[in-house]
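Line order of the protein sequences matches chains A and B. Sequential numbering from 4 applies to the first sequence in my numbering. Sequential numbering from 42 applies to the second sequence in my numbering.
This list has only true hints and no planted wrong ones.
Only some residues are given here: those of chain B computed to face chain A with a beta carbon under 10 Å:
hint, residue
1, Tyr87
2, Gln90
3, Ile91
4, Glu92
5, Asp145
Listed below are the simulated DMTMM-like cross-link pairs for lysine to aspartate or glutamate, each with C-alpha atoms no more than 25 Å apart in a straight line:
hint, chain 1, residue 1, chain 2, residue 2
6, A, Lys191, B, Glu85
7, A, Lys158, B, Glu85
8, A, Lys158, B, Asp126
9, A, Lys191, A, Asp254
10, A, Lys177, B, Asp82
11, A, Lys33, A, Asp437
12, A, Lys191, B, Asp86
13, A, Lys177, B, Glu168
14, A, Lys336, A, Asp217
15, A, Lys336, A, Glu325
16, A, Lys158, B, Glu150
17, A, Lys59, B, Glu165
18, A, Lys362, A, Asp204
19, A, Lys177, B, Asp86
20, A, Lys165, B, Asp86
21, A, Lys191, A, Asp204
22, A, Lys165, B, Glu85
Cβ-Cβ distance ranges computed for the label pairs, FRET-style:
hint, chain 1, residue 1, chain 2, residue 2, range
23, B, Leu173, A, Glu68, 33 to 43 Å
24, A, Glu62, B, Leu166, 18 to 28 Å
25, B, Asn192, A, Arg322, 49 to 59 Å
26, A, Leu298, B, Ala44, 57 to 67 Å
27, B, Leu166, A, Asn374, 36 to 46 Å
28, B, Glu168, A, Asp155, 42 to 52 Å
29, B, Gly70, A, Glu68, 24 to 34 Å
30, B, Glu168, A, Lys59, 17 to 27 Å
Derived by calculation from the structure, the hints in this document are not laboratory data. Ideal Cβ positions, reconstructed from N, Cα and C, are used throughout, including at glycine.
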Amino acid sequence: MSFDLETAANPKGLRRVAIDPVSRVEGHGKVTILLDEHNRVQQVRLHIVEFRGFEKFIEGRPYWEVPVMVQRLCGICPVSHQLASCKAMDRVIGAQPITRSAEKIRRLMHYGQVLQSHALHFFYLASPDLLFGFDSEVNLRNIVGVARAHPDIAKKGILLRKFGQELIRVTSGKRIHGTGAVPGGMNKHVSRDDRDMLHRDVNQMIGWAGEAVDIVKQLHAQNPILYDSFGSFRSNMLSLVRADGALDLYDGVLRARNADGQIFLDGADDQSYMELIEEEVRPWTYMKFPHLRSLGRDVGWYRVGPLARVQNCDFIPSRMAETQRKEFIDWGKGAPVHATLAYHWARMIEVLHTAEVIKDLLEDPDILQGNLMTSGERRGAGVGIIEAPRGTLIHDYRVGADDLVTMCNLIVSTTHNNQAMNEAVRSVARQYLDGRVLNEGLLNRVEVAIRAFDPCLSCATHALGQMPLDVVLLGSDGQLIDHMIKSHDGEFIRTPALSAGPRIGAEALS
Amino acid sequence: MTAPLLVFGWGNLSRGDDALGPLFVQQLGALAGSSVGSGVDFLEDYQLQIEHALDLVCRQRVLFVDASLNCAAPFEVTTLRATRDASFTTHAISPGSVMQVYRDLARTEPPPCTLLAIRGTQFELGEPPGLLALQHLSQALVWGQRWLDGNTVPKPSVLEHLHA
Chain A
4 MSFDLETAAN PKGLRRVAID PVSRVEGHGK VTILLDEHNR VQQVRLHIVE
54 FRGFEKFIEG RPYWEVPVMV QRLCGICPVS HQLASCKAMD RVIGAQPITR
104 SAEKIRRLMH YGQVLQSHAL HFFYLASPDL LFGFDSEVNL RNIVGVARAH
154 PDIAKKGILL RKFGQELIRV TSGKRIHGTG AVPGGMNKHV SRDDRDMLHR
204 DVNQMIGWAG EAVDIVKQLH AQNPILYDSF GSFRSNMLSL VRADGALDLY
254 DGVLRARNAD GQIFLDGADD QSYMELIEEE VRPWTYMKFP HLRSLGRDVG
304 WYRVGPLARV QNCDFIPSRM AETQRKEFID WGKGAPVHAT LAYHWARMIE
354 VLHTAEVIKD LLEDPDILQG NLMTSGERRG AGVGIIEAPR GTLIHDYRVG
404 ADDLVTMCNL IVSTTHNNQA MNEAVRSVAR QYLDGRVLNE GLLNRVEVAI
454 RAFDPCLSCA THALGQMPLD VVLLGSDGQL IDHMIKSHDG EFIRTPALSA
504 GPRIGAEALS
Chain B
42 MTAPLLVFGW GNLSRGDDAL GPLFVQQLGA LAGSSVGSGV DFLEDYQLQI
92 EHALDLVCRQ RVLFVDASLN CAAPFEVTTL RATRDASFTT HAISPGSVMQ
142 VYRDLARTEP PPCTLLAIRG TQFELGEPPG LLALQHLSQA LVWGQRWLDG
192 NTVPKPSVLE HLHA
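One chain only, chain A, in its complex shape (with noise of 0.2 Å):
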């Protein structure tokens, strides 16, 4: 079954309109519609049209240099490819659990990577068409434009940003691509020095995420229409949660709920996700489509991020995070909030909570001090999951007698959330694109809710070996010469017929 909107009953003679590349998310993808003589929406797709290839080429490396090569996957968000690659490791080692000072040091360094993507996210790339509206001049919508609109708050979340960067620094290294943690634990302690210099300034931190809460809130009850409809749609939700439920973005066990809010899987364990998740190929992009085994892929499909944590734990253990998630969970009036939109507001209830443990960990001394490193009885395989700033990051080696990886399998939050992009592009296209003329701030909205889930384009196409291709022979004139598709299963099909998928050509080598 192909889902609403997904593929044109007939494509041949549509009119194709392209918005390549999408702009402002992280990575390469576009977006392809397809529209009949009066302008009716008959397909809608977004594609990711870069190719990585990192699982294969992690097989055969030293396990012990995994956690360095992953965070290559990512300029963003390498912190958390390294420590879900860490936790892996560390079962694989046998190492757990590891040291008290050692996880104290990774959640402090996690906790300022969601800290800093987040801000980035919202700042740099989502405010802009919030702060001045999707049909604003192209030129003022980009971060340089909210600087010199809105000075006060381009310098708070430049600073929050680099906050949070420099907690990485202070923790694995280096801003990007650091070595602080290890399979088995951390390879040094937060000096006194650098713990002093964040102290100084996490209380200045925690107020103006409390202020970029109250921003989110602000647009959402100005315009509660537009906020509460913008690319909405009903869907399952996944994240992890702490034993007791609360959230926790370094460790914990799988909980989904069901679109009305019901929780129909709880305390999964992490090593266990093969049993609970299946990921599809589809032959239009490279990225999965996973999905929960239990219900199928045609309703087995859920969120993960931001949306999806704040609503799936019971409670966040932080003080005024808490009271905000619960003034997010009433705007729903007893049910989940499903809008896209919300997203934002969501992601900066968790700015605010990761700064509040923030300054709860720079006051442990247990990062100052005491043993970083554990060792035990090899085990030769290990799973690592993470809540990502964009969801939950899902690692799974094994590893040889020899040391050397035999199998890596990576699914990262952007490709669980595949589905949910491309259901919210399609509630776009129905409600603002669907039987009008096309200009610039309508193909905007579609852009709109794909930021809106953070989406790493980049992270999300690191599959090799299953890969569908569809690859078109243009003439020099633009006529179509020989279209060929090759399944996820190598099966070759030669077929005339028009295709709007990824091409190996001129126009997806462009």
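Following the hints, complete the assembly by docking chain B onto the known chain A.
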């Protein structure tokens, strides 16, 4: 305490001649040694970003350093002006745009900023800097030492190209 002078180079050490910016910063810092005391901050990064506007706060003079495919060899020096240009993307902005962001955020004029562009030719990933580029770097470092001493400051508001 913020140092009155800032030398800020950007580029990727693993991308051939793109390393010239950060190499300049590292080597000028080593050449200056303790003689500059707390009078100079040496910073480097992969790309210029909007947040670097805050690195201009409380400076008397700033030197931006980058590798360039387009400048004359061995290097060019340009007095920078704050510009509201369209150079910014999600990932990088120009030094003039950084100055403009400073102006927007601080509501005051940025400190005098100079761009030192060092001629490079090869920017392949995984390659070291080329020999010719390193020669350009050596010559730029001589100029850089004079800049630290305050002997090479171009006249304000005058766009000038000093071909070494």
